[in-house]
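Visitor: What follows is the residue order along each chain.
There are 2 protein chains.
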Amino acid sequence: MFDRLEIIGVEGLPEVKEGDDLTDLFFTALAARKESLEDGDAVVVTSKIVAKSEGRVVLLSSVKPTPEAVRIAEETEKDPRLVQLVLNDTKEVVRVRNNNLIVETRHGFVCANAGVDESNVEEGRAVLLPKDPQRSAERLKREIEARTGKEISVLISDSFGRAFRSGVTGVCVGVSGSGVPALLDRRGEEDRFGRIARITKEAVADEVCAAANLVMGEFKESVPIAIVRGLRFKCKRGEKEEEGKEEEGKEEEGEGIKEVLFNREDDLFR
Amino acid sequence: MFDRLEIIGVEGLPEVKEGDDLTDLFFTALAARKESLEDGDAVVVTSKIVAKSEGRVVLLSSVKPTPEAVRIAEETEKDPRLVQLVLNDTKEVVRVRNNNLIVETRHGFVCANAGVDESNVEEGRAVLLPKDPQRSAERLKREIEARTGKEISVLISDSFGRAFRSGVTGVCVGVSGSGVPALLDRRGEEDRFGRIARITKEAVADEVCAAANLVMGEFKESVPIAIVRGLRFKCKRGEKEEEGKEEEGKEEEGEGIKEVLFNREDDLFR
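Residue numbers (this note's numbering), protein chains in the order written: chain V, 1 to 270; chain B, 1 to 270.
Among these hints, one or two may not hold up.
Straight-line distance between alpha carbons at most 16 Å, and here's what the computed EDC-like set of lysine to aspartate or glutamate pairs gives [to be verified]:
1) V:17 <-> V:3
2) B:34 <-> V:3
3) V:34 <-> B:3
Simulated from the structure, these hints should not be mistaken for lab results.
Let's have the full structure, built from the sequences with the hints guiding it.
Guide: Right, here's the structure in full:
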């Protein structure tokens, strides 16, 4: 393994509005801090500013709740218009209990309120998750690489609660770049006693977003982007695989964050 | 928020055996790498080496499985002796499905196999979780602070799977030190629009262990300790609270990792 990582918070971005060029804002903030990108850097961006730049902010007064939204709103003591926004982005309601509304989003993420959030936005508005955060990650990666000539990864992060443990942690909702696999497959690796690994897959992209959350803060959004420097999963892969180059290419064009989503039959908790 | 973190992997520890002084091994490895601790450092130690030093390694041939263990072993295609070790550390079986055995451990952690693991140990043996990883963290913190005079935090980490997302991530099973709260309480903080936070608690200790996992690797255990440098949650708390000192004291003597465990009535998924 590599032995030293750095996590650099990039603060100083202005309030992001629909149509803003995030890549532009990022490089301006980076320059102000006399920082530049290096090959292999992972750039973690909060879903909130991605969503805002993509116009995923909704005026609550424009929302007409359906009877289902009204019913769930009563049960959970939420604003029925907010519940309607949640249902609009929902594939399946997973739990309604203790004022919580846990759903599977259209994207396949199981989280509270489909990621719809009223914090860090003007009163009377709510921010949705990006429409397709995986594609947002891919687009941002292309844009940043085009401007720097460096090979980097981009991760879109959000904060989700967990089953069985209290509190939110940073998780990944979109990842692009061969340096940060959504799932690192360790099958076939041997331990120090020559035995084969049984725990086989590490959710590296989620760990990178959890790490970035430590400098981002949960609420103030003063640090909406972080750089994680020193990850070398690709090099590791390169060492392991004879057909290194080809494998890297495959990884890059993989499914991205969808790799961490269970097939329904493998899901132990539904 | 602080704007730069460093995560330093500490490799070069020998194979840990019962009775070994982990603090001693840690400082030897640290010296070999010409590294020293600083005030505020968080030292993350894998539960595996803590367990080994505490003698939590069991010879499978010494285990007599009960009929219940035999039944679950058949259903999950596991070694009945291993299942017995799991049940010995189990408060409640949560799920038996698709060859998985998910339990709530005596400590209150919901995880696969009660953390009992056959990797990175000699053939025919299994490593249990530390008996009381919260106390192990407290003990290691005291020992390390006594040798350095620095104020640090210690976290014991493990890798757990998650509901609804594939792959394991680093999580915390014991934490001691005012610099890394198990849950960072953000209630009452205002966002940039002057609105009060709704997402209130961030599982900081779990995020620190996830971050450390990125340099530790899941399997080889060549890097069983990591230092996370630059966290300043305590300073942040100091700014917020009028009665700073007292609050810090309270934090330190708090419940540690038990803060992230749900009361049964708040658990949405059981």
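Visitor: Does each hint hold? Answer for all of them.
Guide: Verification of the hints:
no. : hint         : verdict
1   : V:17 <-> V:3 : 39 Å, violated
2   : B:34 <-> V:3 : 14 Å, holds
3   : V:34 <-> B:3 : 14 Å, holds
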